[in-house]
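Asker: Sequence:
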Amino acid sequence: MKRMAMLTAVVLMSAGVMAQDAKKPIDKAFAPLQGTWTITTFNGQSTEGMGGSSALVIKDDKYQQVTNGTVDESGSLKLDATKKPMTIDLIIEEGNDAGKLQLGIIEVTGDKMTLKLNVPSATTRPTTFEAEESQILVTATKAK
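Going letter by letter, the sequence shown gives residues 251 to 394 in the working numbering.
In short, the hints are calculated from the structure, not lab data.
Glycine is no exception: its CB is placed at the ideal position from the N, C-alpha and C atoms.
Certain hints may be false.
Computed beta-carbon distance windows for the label pairs [what the hints assert, rightly or not]:
1. K394 with A372: 31 to 39 Å
2. K333 with M300: 27 to 35 Å
3. V307 with V369: 30 to 38 Å
4. D277 with E343: 17 to 25 Å
In the DSSO-like style, the derived pairs of lysine-lysine whose C-alpha atoms are separated by at most 27 Å in a straight line are [said to hold, decoys possible]:
5. K328 with K278
6. K394 with K309
7. K328 with K392
8. K394 with K312
9. K362 with K312
10. K350 with K394
11. K333 with K350
12. K334 with K278
13. K394 with K278
14. K309 with K350
15. K362 with K392
16. K334 with K312
17. K309 with K278
18. K350 with K312
19. K309 with K328
20. K328 with K350
21. K328 with K394
22. K312 with K328
23. K394 with K362
24. K392 with K309
Given the sequences, and given the hints that come with them, work out the whole structure.
Answerer: Below is the structure:
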């Protein structure tokens with residue numbers, strides 16, 4: 251009986267530790283990214299008149315790309331705030347590019363986000379926010 255009580259205690263303590271690991275606090279670099287961002291330009295072109303609305307929704311270290319109310323892509327984010335500009339990795343979990351890594355840079359100033367990404371699976375990371383062929387440059391404003 252003593253042994254069973256000890257085993258039960260160990261199992262419960264282990265479950266508590268695993269639950270804590272699942273709820274690790276998110277790095278403070280993610281704080282300014284939280285919320286819904288309305289995409290205003292795509293590769294230098296205004297998204298007005300493109301026949302719909304696009305948004306990026308970020309919660310903790312997860313993201314969703316939403317077009318006209320439908321989730322096109324979702325996954326996890328990894329940031330490195332020690333780099334200038336800050337680097338971002340999209341770990342694509344659902345969508346056409348599921349299973350791929352997308353490297354980029356990001357800058358958030360108040361309610362404006364500038365994001366430049368290479369194509370999924372590319373092994374090089376953009377280094378500036380200048381428009382370049384075969385890379386994706388997006389600006390977005392935080393939805394109120």
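Asker: A separate judgement is required for each hint: does it hold in the structure or not?
Answerer: Against the structure, the hints come out as follows:
no.: 1; hint: K394 with A372: 31 to 39 Å; in the structure: holds, 34 Å
no.: 2; hint: K333 with M300: 27 to 35 Å; in the structure: holds, 31 Å
no.: 3; hint: V307 with V369: 30 to 38 Å; in the structure: violated, 22 Å
no.: 4; hint: D277 with E343: 17 to 25 Å; in the structure: holds, 19 Å
no.: 5; hint: K328 with K278; in the structure: holds, 12 Å
no.: 6; hint: K394 with K309; in the structure: holds, 15 Å
no.: 7; hint: K328 with K392; in the structure: holds, 20 Å
no.: 8; hint: K394 with K312; in the structure: holds, 20 Å
no.: 9; hint: K362 with K312; in the structure: holds, 19 Å
no.: 10; hint: K350 with K394; in the structure: violated, 31 Å
no.: 11; hint: K333 with K350; in the structure: holds, 22 Å
no.: 12; hint: K334 with K278; in the structure: holds, 16 Å
no.: 13; hint: K394 with K278; in the structure: holds, 21 Å
no.: 14; hint: K309 with K350; in the structure: holds, 20 Å
no.: 15; hint: K362 with K392; in the structure: holds, 6 Å
no.: 16; hint: K334 with K312; in the structure: holds, 22 Å
no.: 17; hint: K309 with K278; in the structure: holds, 13 Å
no.: 18; hint: K350 with K312; in the structure: holds, 15 Å
no.: 19; hint: K309 with K328; in the structure: holds, 13 Å
no.: 20; hint: K328 with K350; in the structure: holds, 14 Å
no.: 21; hint: K328 with K394; in the structure: holds, 25 Å
no.: 22; hint: K312 with K328; in the structure: holds, 9 Å
no.: 23; hint: K394 with K362; in the structure: holds, 12 Å
no.: 24; hint: K392 with K309; in the structure: holds, 13 Å
Hints 3 and 10, counting from the list given before, are not met by this structure.
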